[in-house]
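Residue numbers (the working numbering), protein chains in the order written: chain A, 23 to 530; chain B, 23 to 530; chain C, 13 to 179; chain D, 13 to 179.
Treat each hint with caution, since some may be false.
[As the list claims (entries may be wrong)] Taking lysine-lysine and the BS3-like style, the derived pairs with C-alpha atoms no more than 27 angstroms apart in a straight line are:
hint, chain 1, residue 1, chain 2, residue 2
1, A, LYS362, B, LYS351
2, A, LYS232, A, LYS351
3, A, LYS311, A, LYS197
4, B, LYS311, B, LYS351
5, B, LYS197, C, LYS134
6, A, LYS197, D, LYS168
7, A, LYS362, B, LYS360
8, A, LYS362, A, LYS351
9, D, LYS134, D, LYS124
10, B, LYS103, B, LYS59
11, A, LYS313, A, LYS232
12, A, LYS360, B, LYS362
13, B, LYS362, A, LYS362
14, B, LYS351, B, LYS59
15, A, LYS197, A, LYS103
16, A, LYS362, A, LYS232
17, B, LYS311, B, LYS232
18, C, LYS130, C, LYS168
19, B, LYS197, C, LYS168
20, C, LYS124, C, LYS134
21, A, LYS36, A, LYS97
22, B, LYS197, B, LYS97
23, A, LYS311, A, LYS362
24, A, LYS360, B, LYS360
25, C, LYS124, C, LYS168
26, A, LYS351, A, LYS313
27, B, LYS103, B, LYS24
28, B, LYS313, B, LYS351
29, A, LYS197, D, LYS14
30, B, LYS232, A, LYS351
These are calculated hints, taken from the structure and not from any lab test.
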Amino acid sequence: MKREDGLLTRRFNKLLIANRGEIAMRILRACHELGIKTVAVFSDADRMAPHVRYAHEAYHIGPSPARESYLVVEKILDVAKKSGAEAIHPGYGFLAERAHFAQACVDNGIVFVGPPARAIHVMGDKQEARQTVRAAGVPIVPGTEPGLNDEEMIAAAAQMGFPVLVKAVAGGGGKGMRPVHRAEDLPDAIAAARREAMAAFGDDVVYLEKMITEARHIEIQLLADSHGNVIYLGERECSLQRRHQKLIEEAPSFVVDADLRRRMGEVAVAAARAVNYVNAGTIEFLLDKDKNFYFLEMNTRLQVEHPVTELVTGIDIVQEMLRIARGRKLRFSQEDVKIKGWAIECRINAEDPYNNYLPSTGVITTSRLPSGPGVRVDTGVFPGYEITPYYDSMISKLICYGETRGEAVLRMRRALEEYRIMGVKTNIPFHQHMVESHRFLTGQFDTSFVETRFSMDDSIGETHELEAAILATLAAHRQGQQASQIVARGARDTSNWKYLSRWERLRR
Amino acid sequence: MKREDGLLTRRFNKLLIANRGEIAMRILRACHELGIKTVAVFSDADRMAPHVRYAHEAYHIGPSPARESYLVVEKILDVAKKSGAEAIHPGYGFLAERAHFAQACVDNGIVFVGPPARAIHVMGDKQEARQTVRAAGVPIVPGTEPGLNDEEMIAAAAQMGFPVLVKAVAGGGGKGMRPVHRAEDLPDAIAAARREAMAAFGDDVVYLEKMITEARHIEIQLLADSHGNVIYLGERECSLQRRHQKLIEEAPSFVVDADLRRRMGEVAVAAARAVNYVNAGTIEFLLDKDKNFYFLEMNTRLQVEHPVTELVTGIDIVQEMLRIARGRKLRFSQEDVKIKGWAIECRINAEDPYNNYLPSTGVITTSRLPSGPGVRVDTGVFPGYEITPYYDSMISKLICYGETRGEAVLRMRRALEEYRIMGVKTNIPFHQHMVESHRFLTGQFDTSFVETRFSMDDSIGETHELEAAILATLAAHRQGQQASQIVARGARDTSNWKYLSRWERLRR
Amino acid sequence: MKYYTSVNNQEYEIEIHHERELVVNGERYEIDFQKLPDAGLASLLLRNRSVEAVIEERDGFWEVLIHGQLYTVQVQDERAYRLAQARGTAVADGAGDVHAPMPGIIIAVSVKVGDHVKQGDKVAILESMKMENELRAPRDGVVTHVNVHPGSSVEKNAVIVVIESQS
Amino acid sequence: MKYYTSVNNQEYEIEIHHERELVVNGERYEIDFQKLPDAGLASLLLRNRSVEAVIEERDGFWEVLIHGQLYTVQVQDERAYRLAQARGTAVADGAGDVHAPMPGIIIAVSVKVGDHVKQGDKVAILESMKMENELRAPRDGVVTHVNVHPGSSVEKNAVIVVIESQS
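Could you build all of it, start to finish, from the sequences and the hints given here?
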């Protein structure tokens, strides 16, 4: 079925994933579970990436930089035609929120697993989105028009009162966004936001928004089918961010009760209906300390943090996306959606929490995933994989489920300890530190917490310097001995190294 | 609190795990999630085993054979005293169902995380168990007294009618058990069962039971606290067995409806109450084709297959065991227990399904676990680990969850394909073949299915001979080239090996 | 380079032209083969069809794991193949040996020298890993050696019974 | 053998007596140390306390991962230690260098030669991995070299700014 607003739904049996990394793996797994054949695309850097090895077919689409491979619409469509893929799932990032890509798919008779092009377009323009949802009765954060010049924005900020937020019209994921607390910092912030937005999105138009302080970032997951049914799958708490990058997400939220959930859910559904939304989408809200909530933006795609919702609702969101794109009706009504238990996700990034969170590149030498009850890991890396500067720094998502928030937190603590990654620095120590913190345990945090009131220096856990010193010394000692044994081959050490010799005997 | 029947409950903060392998890991994880310090014990073969590395403390207890290490009560108690462990979890197997061990713990002031010694004793003696539960109104399978000599048994079997089952009084897990369909096979079967039971349990007393044909093996998971509360957590379907070893388990069962679940659950609770049972336990039933059910035995310990129940109830059974042993009241009433979704477990064993399921020993060179949504793996092996003949052949338990049975099955198929183990042969092809089979998909199987109507030869999936041939040839070719390159160092191949050179450049 | 590769009783003649192309039994394939250094992980794109495998060499054979299935593959280059041909096409010696798959104790032996057996017939029972394991005849033939008796303790790969083919 | 081992500014004198015993700063420990061949996985029992670690040598240092925390450890035997002592106790050269942690493009430079900086002061902004990353001074001192300007494209580990200590 093809609609005027740029939506095509139809049964399909072969799907192209226009993405890489953990989200490509996530989509591949959902497809394989539904018996859908899969087509992967890859850049030079990704020849050995898991999504290439895991798909049924794989096609090379160019050099490592995304703008020469994953972002080139023509190359993606070309592979779709060559391979006979009848549908494309864009994942998140890359082409996921480019309305022209969704439209190009439909124009070529390919199902785009996502919303109609028109809905992407409207929600992708921050200003048009604000106007559209406001007209549908959705509360929004006060702010300026876009396209003002710097002087006009500086004047508007003075009227609005600080703090304010500089935001790129084309922005997303924290890029092209700057909080400003003092008037004198505004010119620099506008310049930085414009620069970042131009580099990331090729568009430097920015606008101002009143900054809601002590606010939480709460988002509502939606599912909408092509038959007019829209439901909400409860909320996610995503307040723990650094530079507008989410770091830890959970579902449900500590501060959202059944009544607030229903009210936010219904407003979110109204916002989606305002653009005739279809497929999975998320309405992001700011929730202030008096429990007022304001529309922030709509993400017209699958979110990184969708697994926490999957764990507390039991609904496989990616499988639902595929069913919706095939034109099916939702299998659930709002009453069928029940929140059970608690789920927390930590984003494991290649970055150094002890050195200003600088990204870390290199080859992953060890990757041992935590497992056991209540632990899920979504990842696209493996030992031998190189973290390159071409793509983002996320290594994996570690997701833990428990009957209660306490159980989920304790399980996360256990899983973080079990996780072994070597070769690059990771932010696992950040997460360990966070899940031990009093404020996290008691749910007392807002979107500014990580940046303003959290420091890796207030270490509370035990450290292992002595053990590290002993282990390194023993490893060095053994290496030295083995080197000398190789020199003096034949003069083999026959002393009573009880376990070692047993161990070596076992290995034969 | 100490009871006359050999039960001690009390708060504890340090626990010894008298086990190894995946179940030791399972218990360690539960302890760490509850903040309980852990003590591991290990034999020579297990110095590098995960449970040793994962525990807070670890003590060597002797040579590799279990009877010189894990089965030596004095050594275990000695480590408990030395380490200050206040409680012992026995896992399954080894000392888990030895009443004298449970009693020895209590006599030494150590909490035994399991039932009272008296309950273990009664349920461990198959005959006493049958008499006890029959008196409590639980239906049992007709059979003989134990201790008859061979001639008396042969006579009894003739009266009872074939098929019959020879069972060791001290047996368990299929050991010391033999089905007999024809009178002429009975003498050999009795001899084999006696021999196996003597070797495994040091006791060769056997008895006969009428064999219920076309029966399913359905078991009920129970939790009982030390305050007299007993609840059931629904059933598990464990009919897919080979030589009485369970291979695939699921929860719930295809054939158990809400009414039957309630009736079986209530009978199971009555059986447990008959022995003043405390802690986790399982009542195994045979369910015949007319939905009559018969008590088979009670397993007075944690079961291998407990995870499927955890996934459909959301209850962490091992954590509950620890809470019960600490003297707490159950946190759930029967009404709180809700079955949601479907879970399936495949036991991954080191054995060759194409060669009569012969166990396979060797060093595991690759172990890449499946992951992603709905997949849980409980394992105690890792690359470099050796599967020795000292312990059982289970490598791991692969457990998949779905909203429906269909979703769980498709997810299992996906996860089996993702699992990569090299170095030993595994029964993954058996599981792949099973989950593709029509009878499994439609739930039409009984306890005899694997042995009598399932063959690895009726292959239905695709095979990959051509790909295997090409891959091996290319690997051999490259190895040969590299060898010749080492010889002709300096004369480096500079041909246009596009990806390889890029790949190697990335690795630098 | 030309290779003669066999797996599950099927033989393939594989000619590797260059990095991106090979010919199998006369059919040309575009390929892209990658293997991680120091690990068995490999990826093959065969006309853009993606096949992941773990490949390890063991005892002169290549073990290839694809989608949970383990294939044992013999790869011979032309020289090795010609040599093997010259030595005759008979199956390698030892094909009629019944080996102990793991260390253990022999519980029972059900054949004696001179017995005729069929492939799959039970020849002995080995107790190991807490289980009784039946050892079966790998081919039809006549028992020529029985190296154990009940109670024998055997090492892994020990030859327990030898069956000679009569063809 | 005696070693001088330092981690996080703490130095340990470690004497390895034999396989099962060592002395750290005069205190005797019973140990059991095992390491898998060809893998960084190691297990230490320290007076029966179990410590698992992944250990890798990188650029002359030992990286030790314990419970999610990565420690960078320097191990010197007596000879290397004496040599280092003889060269003076100063921190190694390069401690005041600001390196590019990954390849990227310099967006801004906020210091010039002769500036006094404090440890933690921002010195430059590097764009990489789609983010702007602030590079900060590793110690107090005076800027002696600025090797980049806005728009410079830098390789991983390139020295961007040099800060000399004034102590």
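Here is how each hint holds up against the structure:
1. A:LYS362 to B:LYS351: Given pair LYS362 of chain A, LYS351 of chain B holds - Cα atoms ~22 angstroms apart, limit 27 angstroms.
2. A:LYS232 to A:LYS351: Violated: LYS232 of chain A and LYS351 of chain A sit about 40 angstroms apart, past 27 angstroms.
3. A:LYS311 to A:LYS197: holds (26 angstroms)
4. B:LYS311 to B:LYS351: violated (38 angstroms)
5. B:LYS197 to C:LYS134: holds (20 angstroms)
6. A:LYS197 to D:LYS168: It holds: about 23 angstroms lies between the C-alpha atoms, which stays within 27 angstroms.
7. A:LYS362 to B:LYS360: holds (11 angstroms)
8. A:LYS362 to A:LYS351: holds (24 angstroms)
9. D:LYS134 to D:LYS124: Satisfied, since the Cα-Cα distance of roughly 12 angstroms is no more than 27 angstroms.
10. B:LYS103 to B:LYS59: holds (14 angstroms)
11. A:LYS313 to A:LYS232: The given pair, whose Cα atoms are some 17 angstroms apart, holds under the 27 angstroms limit.
12. A:LYS360 to B:LYS362: holds (11 angstroms)
13. B:LYS362 to A:LYS362: holds (10 angstroms)
14. B:LYS351 to B:LYS59: holds (22 angstroms)
15. A:LYS197 to A:LYS103: violated (33 angstroms)
16. A:LYS362 to A:LYS232: Violated: LYS362 of chain A and LYS232 of chain A sit about 36 angstroms apart, past 27 angstroms.
17. B:LYS311 to B:LYS232: Holds. LYS311 of chain B to LYS232 of chain B sits at ~15 angstroms (cutoff 27 angstroms).
18. C:LYS130 to C:LYS168: At roughly 24 angstroms apart (the allowed maximum being 27 angstroms), LYS168 of chain C and LYS130 of chain C satisfy the hint.
19. B:LYS197 to C:LYS168: Holds. LYS197 of chain B to LYS168 of chain C sits at ~23 angstroms (cutoff 27 angstroms).
20. C:LYS124 to C:LYS134: Measuring from Cα to Cα gives roughly 12 angstroms; hence the hint holds.
21. A:LYS36 to A:LYS97: holds (18 angstroms)
22. B:LYS197 to B:LYS97: Within the cut-off at roughly 26 angstroms; holds.
23. A:LYS311 to A:LYS362: Distance ~25 angstroms between LYS311 of chain A and LYS362 of chain A Cα, so the pair holds.
24. A:LYS360 to B:LYS360: holds (13 angstroms)
25. C:LYS124 to C:LYS168: holds (22 angstroms)
26. A:LYS351 to A:LYS313: Violated, because 34 angstroms separates the two Cα atoms, which is more than 27 angstroms.
27. B:LYS103 to B:LYS24: Holds. LYS103 of chain B to LYS24 of chain B sits at ~19 angstroms (cutoff 27 angstroms).
28. B:LYS313 to B:LYS351: At roughly 34 angstroms apart (the allowed maximum being 27 angstroms), LYS351 of chain B and LYS313 of chain B break the hint.
29. A:LYS197 to D:LYS14: Violated. LYS197 of chain A to LYS14 of chain D sits at ~52 angstroms, over the 27 angstroms cutoff.
30. B:LYS232 to A:LYS351: violated (52 angstroms)
Against the hints set out earlier in the document, violations occur for numbers 2, 4, 15, 16, 26, 28, 29 and 30.
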